[in-house]
Amino acid sequence: LPRLFEEEPRYEKQQEEVLDRDLMAYFDDRMRHNWRGPEHWKVTAFKRANNIDQESKPKADTQQTTHEKKKHDAVVVDFFGDDVDEDTLFEAPRNPSTLVKKENSGLNKLPDDIRYTSSRLITLFTKQFTISTYSVKPQATLTDAQFFGDA
Amino acid sequence: MNQSEKPTLKSIKNISRTDEVNNAMRHVFQDAQMGLSGHRKLVIVLKNVFNKSVELNQQEYFALYLTRIINRILSLKKGEQVADRIAKFCASFIRSIVEDEIEAKQNKESDEDKEEDDEDEENESPTTMLITYLIHHLLRGIEAKDKTVRYRVVQLLAYLVRYIGEIDNNTFEALYSSLNKRLNDKEPIVRLQAIVAISHFQVFNFDYTEEESPFEIDITNASITEKIIHSIRHDESAEVRRAALLNLKKSQATIPYLIERARDTNSINRRLVYSRISRELGPMNNIDFKNRELLLKWGLNDREEAVQAAATKMLTTHWYGSVKEDLFELIENLHVKDSDIAETAMLIFFKSREDKLSTIKIDEAYWKQLSIEKAFLMRTFYCYCQDHTLLELVDANFPEAVDLAETLEKYLELRTKFIASNSENIKAWESHNEKLEVFKNQLLQLENTMSRINLETETHKKHLDAADDNLKFLQLEEQVSELNRFHEEQKDNYVPFAEKLQDLEFIILQLLLIANKFDYGDDFGRRKMLQVIRKRLTEDKLPGELASIALKVLKRISLHEKDFIAMSTEIITDIRDSYDNEDEHFHSAVSDFDDDDDDEEEEDEIEQDEDEEAKQKKRNEPKLPPDDIVIQCLTMSQHVLELIEHPLEDYTSLTSIYSGLVNYAINYKEKATLHLLGLKCLGLFALIDRSTAEDAVATLYHSMRSSGEQVRIIGMKAVIDILSIHGVSIIGTNIFSYARLFYKSLTNYDMPGLQCVVAEGLCKLFLTDIFHASSTSNESEEGDNQEYESEKQLFEALILTYFHPLTSKNQELGQILSFCIPVYAFSHPNHQARVSSVSGDVIYRLFSDDEFTHHDHKLSATSVIPQLIFWCDPNNLVNLTQFEIKRQTSHLWQCVYLLQALEQDTSKVVKRAIISNLSKLYLTDKLESTVLKGLAEALEGTKQCFEENATIPEYQLDKLSHKNLDNFIEYVNETYAKSVEREGEEREKSNLLSTNSILGELENELDTQSQHDKSETEENVETNEEETTQDTDKEINEDISDNEESVDVEMQDADDPVDDLKRQQLEENLREIDEILDAEDSVDYSISMEE
DNA sequence: TGGATCCAGCTACACATC
DNA sequence: GATGTGTAGCTGGAGCCC
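Just so you know, the protein sequences line up as chains A and B, in that order.
Okay, so the first sequence: first residue is 21 according to my numbering, each after it adds one.
Okay, so the second sequence: first residue is 3 according to my numbering, each after it adds one.
Bear in mind the hints are in silico, worked out from the structure with no lab data behind them.
C-beta atoms are modelled at their ideal positions from N, C-alpha and C, and glycine is treated no differently.
Careful: at least some of the hints might be erroneous.
[As the list claims (entries may be wrong)] If you want a taste of the chain A side facing chain B, the calculated C-beta under 8 Å gives, among others: (1) N54; (2) V104; (3) I151.
Please construct the entire structure, taking both the sequences and the accompanying hints into account.
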């Protein structure tokens, strides 16, 4: 893929394809999640964009301490100790309704997935024909990082 | 025995006091908590202690001590190993004593056979006593305040309920109703355990149809299943639903609910349906076709790879295995004729079972005698081999072209004969079809009328009584039920015939699909195929899908496009001519329409003369050809036009026939099929001929304005396609009308289908820069600006539609925009700049404009803002090097617009959301120091604004927001400092010594420049021609949305390539930032800032 | 068993409501 | 003032694969 190593963006003449094959595959992949609309949108590749708290944490260290902590934390019950006060243990809530969840009428199902693809985005509605771009601008291609990274 | 001595079997024998029992028990549990491995031994020890207590007649003390021991683990949180082990240990112990008791009973029973029966049936056994005691104890805590206590209680009960066969009815009733209540516990972990517990009751028999139920509450197997089903569907916790999924009894009655979870929002649950539940359901035939189809459709298309993989495995391993690896049986079960997923399933099968490809053998005998399954396998196998260039398999299995053509001909001939020998059935079908047509016509007319009434109501503010039309709708409903009766009435005659015909046509379709991909190496075969296709297309009156594929084959085997057009024209002419003998009028009718062409072209004004139209119709009335012929010709024309790739040049034959047919059809507004086909063909025709397109857009525009959703969708698709092919110039100076139409359609939530089309269409036009290509057009400056404003408003409307509360009701629209908006933004820096330029307006309007705020379920600022920021993040741009990404200004500009929204009268929630998201903006020291400086100053201004308004509640920030804002300001200042430093170093290295003097000159020049043009990014440098003053902007700024005038704080993209005026650009940018922020107080925001 | 991933719960805080 | 609700960021557990 020689294109990857070209430094300058390529400026294309009119009537070129909007997205090339690689780019379509790239977008189809990237848009795989977050298809359900704004209320279900989640940040995915956001960390990379966040340049403020970018100091890399010494991961190994923290991991070890948590690991150790986990081991040490193991609780052992003393069955010879004083008995638990049952009145406290079984104490009822002041308002019993706080134990009840609100009724949910939803079905917890995904909506029908129309599986929108980039090929549909660059194809006409009424026939199988790819739309061309009208402007004079560099044709979109993947950046190196995108190709080697998440692409 | 003292506390330090652990009990042994021997020491237990010596126990004589209850405190010794207690001590022994504590020891056992002290050990049991350490691990599962010792449990077997400890169970024996504890059992001995229990038996000893029974022996001493102190079993109630044993029970008491046991509950005290258990109390100690009830407050241990979920995940605490110790508590889990103790719970398991209790379960093991209870199981063990229950088993012992059963064994003892059996032994006793066999003894009793010899002796007389005892009387102790009535008495409660020590084991039952213990279990009952334990249950009552635990039930005391089942409604405890502490969720952990409830969790542990229900967990223990879930273990115990497996061994409760002997408990009394009252205890059971108390247990059952308490557990039932926990199905609605606030805490998911409690509900989950309650599901597990209640699931065990499914195996009990609560059949009280013969006898009276011993329970006072409703306990039946059906009610238990019902409760689990309620949880599997409605519980909002994925883990609870999972527990219900895994524990619900698998039966024909529950299958639909199990299958339904293949669409669960949780991907683990979906995967489980395929990996585990499907196996538990047994052979694929245990599930009916409809549900199998759903499973495949959902699973093979799932967004999660893991789910897809599990679904693939289910198909290719479990189901395939369940039909003993018989591929034909598998295909038979797929019901290929009625299935939408069979093809995908087959291709996935081939891909994941490549080992089976070589076992497929297709010889002469095979393809000479095709069943639908054989034909389907042959076709999908062929397509798979072709797509994966498995040419050896193709050569080994598939016939020569000439044989394929002959086979195809054979089946086509079979079809013709079959139809000919069933004329009665055909008549029945035709008459049914006629009724159907009448129905469609009425529906379309009614839809159009309703739409017109709505339009008139809106435009003239008249209230029209639509009662009449409602009545008509009711009448139509009656017709629907009548039409639906057809299949019922024709059960014996037509239905079997239709099925057989469909089988034949399905086989033909498979052959055509092969022919469409076939390698016509030998010319003899090609010519044979050509002959078959041409003949059959002309003579056979093939149904839509077959005709469409046949035409594709024709195109494939034609010499070139011109040849294809000539042949198809001839075919359509022949179809028409075949009826010439029967109806002389038809030919002349078409000629007449040709003559009408001129009239038509004159008619592209907005107001069409209804009388003239009617007159024209009348004139044509006597020459009417049979509708079905016209429809057939038009359908063929549509398919032909769909296949033409090149602009129309001198295909006059095509022009004369199609423009005649098309105009004829369009005028028949009361004939649905004809009218809609006419519009489709008009649109398609316009795509290959610019002059047709010019008229077509006007015709389509009028049709849309006065019609219902069906017509509008067809019209909208056509218009957008025409714009995609010919550009905006095709609509001349009328851009405003069209923009308004687009806007109205986009925001018309009564026509959800139309919304989808226009949203997708606008995205296409923006993505391809067909919209916003103003710099290349030759329109006047004013025209340019109007176009620009219309497009800007449309773009903002698209973004607003994505976030609109009502869009959650139009799933398809949401999905389209979820895909298209980010693709648009990420595909070019200019696109990203455009998104950032509307960010401020979007936020302001979403959270302050009544249009958006008065709905329920509206989105929060904390979810909207990160999305806007994500779309504008330069890291998401394609096409750029890391260096270029670091120099992108989209986030910087977005920041300016966000600050603007921050300083406006937005609510506190919005302000906080903006501030907390500022840290997500990607601003680097590779940006020019001048713009960073501008941003830093803007931020100071914002800070000041907050100080000045400190008395207003909205401007009183909480601690965290203060900190976040200060951190961000500091970050920008640091970045600015670094940038200055970097530029200094670069200047030193650079030998371009004249930079300063150039800058000086430019600064002077800047002062004289007009004050309102804005530009974006280094690549885009504004040219003088594009300058406009603020005043001109306002004068021509008509608002397509009927709202107040829109604010003109906008960056204007220019498409000129990079030149060496970067410095000027940067100065501009800096000035921009100042201006935008200064303007806040004085500018009259369109988005009406109601006080 | 360990690693990667996703999800849900936890905590701290702000704010609304009773 | 107590209580409930909503949010952000973190963390640990669950289910899976190898």
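Evaluation of the provided hints:
With a cut of 8 Å, the hint placing A:N54 at the interface with chain B holds, because the nearest CB-to-CB distance is about 6 Å. Taking 8 Å as the C-beta contact cut-off toward chain B, the hint placing A:V104 at the interface holds, the least distance being around 4 Å. Hint on A:I151 holds. Least Cβ distance to chain B is approximately 5 Å, under the 8 Å limit.
The structure shown violates none of the earlier numbered hints.
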